[in-house]
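Trainee: Kindly generate the complete structure, drawing on both the sequences and the hints.
Sequence lines, in order, name chains A and B. If you're matching positions, the first sequence starts at 798 in our numbering and goes up one per residue. If you're matching positions, the second sequence starts at 5 in our numbering and goes up one per residue.
Since the hints were made in silico from the structure, they are not lab data. Incorrect hints may have been included.
[Unchecked claim] Now the in silico label distances, taken between C-beta atoms and shown as ranges:
1) Pro811(A) to Ser71(B): 48 to 58 angstroms
2) Lys842(A) to Ala44(B): 19 to 29 angstroms
3) Thr105(B) to Gly855(A): 11 to 21 angstroms
4) Gln74(B) to Ala817(A): 40 to 50 angstroms
5) Ser865(A) to Ala13(B): 19 to 29 angstroms
[As the list claims (entries may be wrong)] Some, not all, of what chain B presents toward chain A, calculated at C-beta under 8 angstroms:
6) Arg46
7) Tyr53
8) Ser54
[As the list claims (entries may be wrong)] With a Cα cut of at most 30 angstroms, we get these calculated BS3-like pairs of lysine-lysine:
9) Lys84(B) to Lys839(A)
10) Lys842(A) to Lys895(A)
11) Lys839(A) to Lys83(B)
12) Lys839(A) to Lys895(A)
13) Lys895(A) to Lys83(B)
14) Lys842(A) to Lys876(A)
15) Lys84(B) to Lys876(A)
16) Lys839(A) to Lys799(A)
17) Lys895(A) to Lys799(A)
18) Lys839(A) to Lys876(A)
19) Lys842(A) to Lys799(A)
Note that the Cβ used here is the ideal one computed from N, Cα and C, for glycine as well.
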Amino acid sequence: RKEVEQDPGPFNVPEGATVAFNCTYSNSASQSFFWYRQDCRKEPKLLMSVYSSGNEDGRFTAQLNRASQYISLLIRDSKLSDSATYLCVVNRSGATNKLIFGTGTLLAVQP
Amino acid sequence: SQTIHQWPATLVQPVGSPLSLECTVEGTSNPNLYWYRQAAGRGLQLLFYSVGIGQISSEVPQNLSASRPQDRQFILSSKKLLLSDSGFYLCAWTDRGREETQYFGPGTRLLVL
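Mentor: Okay, structure coming up:
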């Protein structure tokens, strides 16, 4: 089983739609969780951290369910510029400076 | 502000040739440094990380090596490239004390033929 699993997509949605991505992780001792965004042929960039209580940054909402080892990202009012691959990232237990990246979910927002 | 540089941006090399990719960070001191590889259709794989000059930890056995000759310089090398070494190589850094937020360089796209 992969340490971090994501639906690869693609998710094709119209502008203005709400879209949700899910991610599961295998190590129950993981403590830190993130969503990164990667544009085509570019480097990944941190989108947001994911906190236990859930957190929101503008149109983006991230949630964590530790019991189910499940992370989600919700994007409201999708923009064309949201088109990218979204990477779910989890720290490796016992090593705060090592991150495990999912293979990513591709989002394509259509005009 | 901090910046991270990688070069070259793209590279086409024959099988069996050597490799040297360089990464430098500006605007910070004593960072943690990382090398990742992203193969086509796959996730980022951590190859090496370093917490200081001359300190290298390898994550996976392979024909690659890494060195950190200076505080803000990280080099990825190979003596003989394999076809399977093709991929997108990314260098990243973190601040001590904020080690969970990684900042990536622009990457080097390597094609081994």
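Trainee: Now look at each hint and say whether the structure bears it out.
Mentor: Tested hints:
1. Pro811(A) to Ser71(B): 48 to 58 angstroms: holds (49 angstroms)
2. Lys842(A) to Ala44(B): 19 to 29 angstroms: holds (20 angstroms)
3. Thr105(B) to Gly855(A): 11 to 21 angstroms: holds (19 angstroms)
4. Gln74(B) to Ala817(A): 40 to 50 angstroms: holds (44 angstroms)
5. Ser865(A) to Ala13(B): 19 to 29 angstroms: violated (41 angstroms)
6. Arg46: Holds: closest Cβ of chain A sits about 6 angstroms from Arg46(B), inside 8 angstroms.
7. Tyr53: holds (7 angstroms)
8. Ser54: Because about 10 angstroms separates Ser54(B) from the closest Cβ in chain A, which is outside the 8 angstroms limit, the hint is violated.
9. Lys84(B) to Lys839(A): holds (27 angstroms)
10. Lys842(A) to Lys895(A): Roughly 16 angstroms between the alpha carbons, so the hint for Lys842(A) and Lys895(A) holds.
11. Lys839(A) to Lys83(B): holds (27 angstroms)
12. Lys839(A) to Lys895(A): OK: Lys839(A) and Lys895(A) at ~21 angstroms, within 30 angstroms.
13. Lys895(A) to Lys83(B): Holds, at about 27 angstroms.
14. Lys842(A) to Lys876(A): holds (18 angstroms)
15. Lys84(B) to Lys876(A): Violated - the C-alpha atoms of Lys876(A) and Lys84(B) are around 45 angstroms apart, more than 30 angstroms.
16. Lys839(A) to Lys799(A): Holds, at about 24 angstroms.
17. Lys895(A) to Lys799(A): Status holds; Cα separation ~16 angstroms.
18. Lys839(A) to Lys876(A): holds (19 angstroms)
19. Lys842(A) to Lys799(A): Between Lys842(A) and Lys799(A) the Cα gap is close to 22 angstroms, so the pair holds against 30 angstroms.
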